[in-house]
Amino acid sequence: MGAPQKPLSRVVEACPPSGIRKFFDLAQTMTGVITLGVGEPDFPTPWGVREAAIHALTRGATTYTGNSGLLELRELICADLERRHGTSYRPADECLVTSGVSEGLDLALRALLNPGDEVIVPEPSYVAYQPCVAFAGGVAVPVASDPEQGYRLDAERIAEVVTPRTKAVLFGSPSNPTGAAQSAADLTALVALAEREDFWLVSDEIYDRLTYTGTHTSTAAVPGAWDRTVVLNGFSKSYAMTGWRVGYVCAPEPLAALMHRIHQYTMLCAPHVSQVAAIEALRSADPDVTEMVADYDRRRRLFVKGLGELGLTCPEPGGAFYAFPSIRSSGLSSQDFAEQLLEEQKVAVVPGDVFGPSGEGHVRCSYATALPLLEEALERMGRFLAARA
Amino acid sequence: MREILTVLEADARATPERIAGLTGIPEDEVRAAIAGWEAEGVIRRYKTVVDWDRLGDERVTAFVDVTVAPERGRGFDDVAERIARFREIRAVHLVSGAQDLRVEVEGSSMKEVADFVAQKLSGVERVTATSTHFLLRRYKDDHQLLTEPEPDQRLSVMP
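Here the protein sequences come in this chain order: V and L. Note that the first sequence ends on residue 389 in full-length UniProt numbering; no numbers are left out. Note that the second sequence ends on residue 159 in full-length UniProt numbering; no numbers are left out.
Quick caveat, the hints were computed from the structure, so don't treat them as lab data. Don't take each hint at face value.
Computed footprint of chain V on chain L; a stretch qualifies when at least three of its residues, placed anywhere within it, have a C-beta under 8 Å from a C-beta of chain V [stated by the list, open to error]:
no. : stretch
1   : 19–25
2   : 148–155
Here are some chain V residues pointing at chain L (derived, C-beta under 7 Å) [as the list claims (entries may be wrong)]:
no. : residue
3   : M1
4   : F24
5   : A27
6   : E40
7   : L70
8   : A348
A short, non-exhaustive set of chain V residues, derived as facing chain L with CB atoms under 10 Å [stated by the list, open to error]:
no. : residue
9   : P16
10  : I20
11  : G37
12  : G243
13  : V289
14  : V349
Just so it is clear, the structure is predicted and the values come from calculations on it, not from any experiment. Just so you know, even glycine gets a beta-carbon here, dropped at the ideal spot from N, CA and C.
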């Protein structure tokens, strides 16, 4: 008889597969590739954190934890946010430990949205934002940001697409893929708009510690924002803990309670051993983070300057570990550029259009790559462009 | 400005131009800072970390704990300096604990090191006892892991 004939989920089927996939398959077949295509640190998790996790496993951290996560971890998270961002959350009911920001994002959208609710997503945006809005029954409303203005959040542009159905604005700062870190002034303007038009702010701050040109402003710290902001954060990027799958969401209690409800029925809890590792990270790994950030910053300077010398201009990325240069001078589309660069010079970058139509004409390059490899990648890109000049 | 030293500590061959590019500090300031530190002795010398084992070289190192009868008014300084002047001595540290000085001795064979300790080191005036530990394997030196690096297990393209 075979599989049932009834259609599968229309919502999911309508969602195009990630544009990165095809590219990934191609890169996997090749050897000697220098990859600038990866959205994760090249550093391993600090050894002290790994050691703590190994020890925890020997002591039996192999069970479920409470749904919200270990209380000790939530207390440390809230204290850390208070210290670094000046925001205040109750560990008991305003902070939830999740399996990475990916789960936190899904929880926030499902807890916020009713069918047809609109979520404004400034582009270029992280690849998961718009599909997650759709999976939660909402409608993503993309709005292009201006590279000439460093991809700043522009409340005026956002105001143009606000409707009575606008439920939230969803953005990351610092941004994947552009590296743009939003200023307090721009966030303040956005918060004012949110208050006037009565919508939420879903603020992905996973790269908050990776800032180079100024200090990070948490959206929730902007006056008037706390009551209408969900902060998503985690350990993957700052502490080089991508594979541990541990993050957190902080939000006012009524929303946090709904997120908790979904989480308890779907995920149960974040991995126990990863929560123990996260505790150790917050307790002792700040010096490791400081060293990694200093290293990223040096690579950032070298790489962005090198791109500029190749005629691949980009606004100075203030955070994360991405540069998002324009490749228009090559005369190629971003897909063609990325594919040909991979085939001819074995350098993997991510075509900008996978982050939304406004990303066309750009590629995302991660500089979370060792300096000698970054320099070699720049040379190869130089040869690639020279062959087309 | 300390970042200049961080870069140099990791790569003694980094040029001022390169350091300027990495740190954002203007090249002439980098040059001036390095010259200043060289003059002040903040930068002692430029060093290469060599894993001699990989060349198959026979080198024998021993850590020797040395007990010293200190000298009135001079403490351990005179004895430590006398020991430090031997060519065979790689490092000398005054440490807390049961013994006084911990020194690192290097030679081309175990016999050479043993002879040095027995005939020269233990004979230095005011040295009352020695305890020798031969080094079997070096795993980390000057913050540099000498074991195989962990492979990069990241997939080549990820969102």
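Status of the hints after comparison with the structure:
Three residues within the 8 Å Cβ limit are the bar, and the stretch 19–25 of chain L against chain V gives 4, so the coverage statement holds. Counting residues of the stretch 148–155 of chain L whose CB lies closer than 8 Å to any CB of chain V gives 4, so the stated coverage by that chain holds, three being the minimum. Below 7 Å, beta-carbon pairs count as interface contacts, and V/M1 has none with chain L, the closest being about 38 Å; its hint is therefore violated. For V/F24, the interface hint holds, the least distance from its beta-carbon to any beta-carbon of chain L being 4 Å, beneath 7 Å.
For V/A27, the interface hint holds, since its Cβ comes within 7 Å of a Cβ in chain L; the closest pair sits about 4 Å apart. The beta carbon of V/E40 is positioned within 7 Å of a beta carbon in chain L (closest approach about 6 Å), and the interface hint is therefore held. Look at V/L70: its Cβ only gets to about 27 Å from chain L, farther than 7 Å, so that hint breaks. Checking V/A348 against chain L by beta carbon gives a least distance of about 5 Å; that is within 7 Å, so the hint holds.
Hint status for V/P16: violated, given a least beta-carbon distance of 14 Å to chain L, over 10 Å. Because the closest C-beta pair between V/I20 and chain L is about 6 Å apart, less than 10 Å, the hint holds. Checking V/G37 against chain L by beta carbon gives a least distance of about 4 Å; that is within 10 Å, so the hint holds. Among the interface hints, the one on V/G243 holds; its C-beta lies about 9 Å from the nearest C-beta in chain L, closer than the 10 Å criterion.
The beta carbon of V/V289 comes no nearer than 15 Å to any beta carbon in chain L, farther than 10 Å, and the hint placing it at the interface is violated. Taken as an interface hint, V/V349 checks out: its beta carbon lies about 9 Å from the nearest beta carbon of chain L, inside 10 Å.
Hints 3, 7, 9, 13 from the list above are not met by this structure, while the remaining hints are.
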